[in-house]
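Peer 1: Chain by chain, the residues run as shown.
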Amino acid sequence: MNRVISREFSSAVSWRDYLELTKPRVVMLLMLTAIVGMFMSTPGMVPLDVLVLGSIGMAFAMGAAAAVNHVVDQRIDSVMARTENRPVAKGKISPQKAILFAATLSVASMFILSFFINSLTAFLTLFGIVGYAFIYTMYLKRATPQNIVIGGLAGAIPPLLGWTAVTNSIDPHALLLVLIVFVWTPPHFWALAIHRRDDYAKAGIPMLPVTHGIDYTKSAVLYYTILMALCTLLPYLTGMSGLIYLAVTLVLNAIFLYYAVRLKFAPTPGIAMKTFGYSIVYLMCLFIVLLVDHYFTITLTAQ
Amino acid sequence: MWLKRLSIIAVVLALCVVALGAYTRLKDAGLGCPDWPGCYGHLVVPKSSEAVSNANAAYPERPLEAHKAWPEMIHRYFASTLGLVIFSILFLSFKARKSNPQLPIKTPLALAILVVFQGLLGMWTVTLGLFPTVVMAHLLGGFTTLCLLFLLAVRLHSSPDPVQNSGQGKPNMALRFGILGIFILAFQIALGGWTAANYAATVCSDLPICQSGWQQHVNFEEAFKFWGHGIDDYEYATHLGADAKITIHVAHRVGAIITTLYLGSLFIWLLTRNGISSTIRQAAVAALAVLVLQIALGITNVVMNLPLLVAVAHNGVAAILMMSLIFLNLSLYRSGGIKP
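Just so you know, the protein sequences line up as chains A and B, in that order.
Under my numbering, think of the first position of the first sequence as 70, with each following residue one higher.
Under my numbering, think of the first position of the second sequence as 870, with each following residue one higher.
Careful, some of the hints might be misleading.
Said to hold, decoys possible - Computed list of lysine-lysine pairs in PhoX-like fashion (alpha-carbon distance at most 25 Å, straight line): (1) Lys343/A x Lys333/A; (2) Lys271/A x Lys343/A; (3) Lys975/B x Lys937/B; (4) Lys210/A x Lys92/A; (5) Lys1094/B x Lys333/A; (6) Lys1094/B x Lys343/A.
These are calculated hints, taken from the structure and not from any lab test.
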């Protein structure tokens, strides 16, 4: 396949390339949602062993899924400007080595989660790996413009993993956190896809802006942002979170809506990328404030 | 008891200060006195011809216009009186708590801090040449002061909050929807303040959103730029293009539709529930009436091109709507929610 390229670039392979293979920035955001999920599941402190071992187990799984994604998307990655420097696409790490690396991480993850945490969490984590690395990357991504909507479920599962790691049961509130990440994914990803439309078209990936046009995608971003804004009120309305959460979330949502409306009605150069950048800040702040609110609940609402 | 009486006086006074503030803005009198705290260096608006010529010599770019200086000064007199009243309330609260430690102290303390900050915002409004962000913050600070005073007065005039023990672990859904309503209304009031501070109230004279084709005239970047303009006089918002003003106005209209739908459904939903107490029912009816009045005033502003009195009333009734919503929420809080 890319033998020529791989020979040219396969200079010294460092641990940094393997780290890059795990998409550390994405994993960090997902781990934030997972760890917040752990803390939200209990009024007190998360047991230290669950916090440490659970986090390692989940992070390994996410890293493994990301490595599989690098291997499967090798061809696509090498033609897209955003991803052409990925270690497998560039030939720094051979697909075989990457697969071996991913398999090692997955086995270690399953071992840690099933022996030290619980089998429910291990099973759900496996579902996440399969969902992202196989169903999304190998099939959905190439099959339908709804790829990231359906595949988003795999990316939305970490808060549930965190929760079940502590409680060993699926709580409706945990599903609420999954729902939030799930409805956040389309506006987040489509904002990027608008910016990278030509890249995706070149790689033959049926992303929404490629199949249905940029204008349609912008409308979809706006609708999903509204849906997301409504969903993020549920933690307050169901009594899981309090006033700190409500106040901060309303501001975060107002800013996201502002970006989405601007993107649709009064676009300026680079606005799609700014929307994408903000969506990351949004999710981080939202989960941090969930955590803060959890421990500093204002008692005005009494219950 | 003086504390109770004073709390009522303070609410009425604060409502006057808010309305006078709106009047000052709408008369374009915010820079009626270009200095602070005095007016052209005087305690009252200069009147004698000698004082007037001195004033005009000191501020050649802004000669004295008595009909603009007076609204500004009256607003300042009322506001400083309110400040004194609030500090008296704080003092009396400290004293009265020696015999009755149940009395609220956090609210008077917050009010004292807030009113000082409001004074500063009032000063910056003048010294920064009606910088819109400061003008809007000054309006929001005024509304917050009024609402906290109202909350304090209600609490002082009723028995202490009963202990909450109904429905343990079950959230008080009605209250949570009500508090969400407070945030939505606060946001809409901020948009209204932004519309006023940027002289955007008259750019759209059609209902429900704006003149047809407004979609081609939006400029969010300019409309919601909160700092960094680098100019020192913002009167009449000449730094903004028509598109930016249209965007600001449209935001307030869209906000009005959302707020009306949300609050209207909330009040009607509460009224159709079984088992709500008469206090909640009355509060919901009152809030609904104020909401209808506020929409009528808003529409009148659009149709009649912002008559001064209607515009001031639209501001004042916004404050009353917020207070009625707060009262409704307090009733919901005390009842522990709606019994199924």
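Peer 1: Are any of the numbered hints broken by this structure? If so, which, sorted upward?
Peer 2: 3
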